[in-house]
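All chains, please: the whole structure from these sequences, using the hints.
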Amino acid sequence: MTDELPIGRRVARWRVRRRMTQQMLADRLGRSKSWVDKVERGVRSLDRLPVIQEVADVLRVDPLTLLGATRTPTPAGIPEGVEGIRTALARYDAVPGRPVPAGEVGHAWLAYQHAHYPQLVRLLPGLLGAAQGHGAPEVLVPAYRITSALLVKLGEADLGWLAADRAVGAAGGDPVLAATAALSVGQALRALGRDRLALAATVAAAGRLDTAPAGWAVRGTLLLQAALAAAGCGAAGRAGELLGQADDLGVRAGGDDPHHTGFGPLAVELARVLVAARRGDADEAVRRHAAVRRLPGWWRLPAEHRAAYLVDVARAYLRVGDLRGAARALVDADAVAPCEVRCRPTVRTLIAEVAAGQPAPAGVARLATLVGLSR
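If you count by the numbering used here, then the sequence shown holds residues 1369 to 1743, one letter each, in order.
Keep in mind that the hints were calculated from the coordinates and are not lab data.
Cβ coordinates follow ideal geometry from the N, Cα and C atoms, glycine included.
Any given hint could be a false lead.
What follows is a set of in silico ranges between Cβ atoms, one per label pair, in the way DEER data are often shown [said to hold, decoys possible]:
#	residue 1	residue 2	range
1	Ala1572	Gly1471	32 to 38 Å
2	Ala1724	Ala1504	46 to 52 Å
3	Pro1418	Gly1540	22 to 28 Å
4	Arg1399	Ala1572	40 to 46 Å
5	Gly1503	Arg1416	34 to 40 Å
6	Leu1663	Arg1416	22 to 28 Å
7	Gly1731	Arg1576	41 to 47 Å
8	Thr1455	Arg1416	31 to 37 Å
9	Asp1526	Glu1652	42 to 48 Å
10	Gly1471	Val1619	29 to 35 Å
11	Val1688	Arg1459	28 to 34 Å
12	Ala1604	Gly1398	16 to 22 Å
13	Gly1648	Leu1560	19 to 25 Å
Next up, the structure:
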């Protein structure tokens, strides 16, 4: 559900609530007062997602709030409606239907990045149907990628792999789009425990990209995925080598992120923590994590990225027997993106393991209750 207020009016409303003048908002955005005034009056459109994210960060609101999405209580458990996504993926005949509204795929990305998974479950069947009817790779590939990523989160990795495979097929001859689709393939294969296949797929996709700056973020993210896969199948040396290659790209990559990779120096450091945890060195993972959250850019990462990372850190704490650390990471993840904690079956299992400790850490008992666990 959305309200009908124009986005500029919503910006003005939240600016006033935050006790900011137009000049103060302009200064914090690095723009002119005239720009802010035109946005608020609707003279200038506010339709680029990175700019919406930037304005939302300054106003301290969810970007979806600026886009008019109505807030709903955070649920627990897998959202209902996955069957609708399964039905949409089962279609092989592209039936021309409604056009894909401008920005709808971008709104879906925002919903994913802020872990609004129930909203996405409702949105995706219609978006997939429209994208399949549209047929353009630049619409189909990201629609399938979002679908794959969500299904992996919800414990439907097999179905997520199907969506990722569809993304590869939809990319056609576009090498960058094909590489972004390979990201989804790697994620789904890792979720299925097929680390060797994920390693082969992501390394091959990275190798097919040229060295042009336009592909740096995608190539770097593929290398990070490959490093995680290598760590998962016991190839620690290979994982370190891939991290080093990604690190070189992280220094050079920057600017817009049109393919929603989140790649950069901080992403490389987060991956170092996760690689350490996946290869079984939980002590190193915990040590590295202590420094990561003090690095520049942590609070600018999408909520989904931060919360998913904190869940993985909780697993590392659990492996070293630090129940308090695991509980703290889970509680922090829930504060950042509640659905990342409450809607994912694997996280439910993790909460149960931490809550089973004697004594159960404070905070995790509340989470256990929220997700329907009893001790």
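- prompt: Hint by hint, which ones does this structure get wrong, listed from lowest number up?
  reply: 5, 9, 11 and 12
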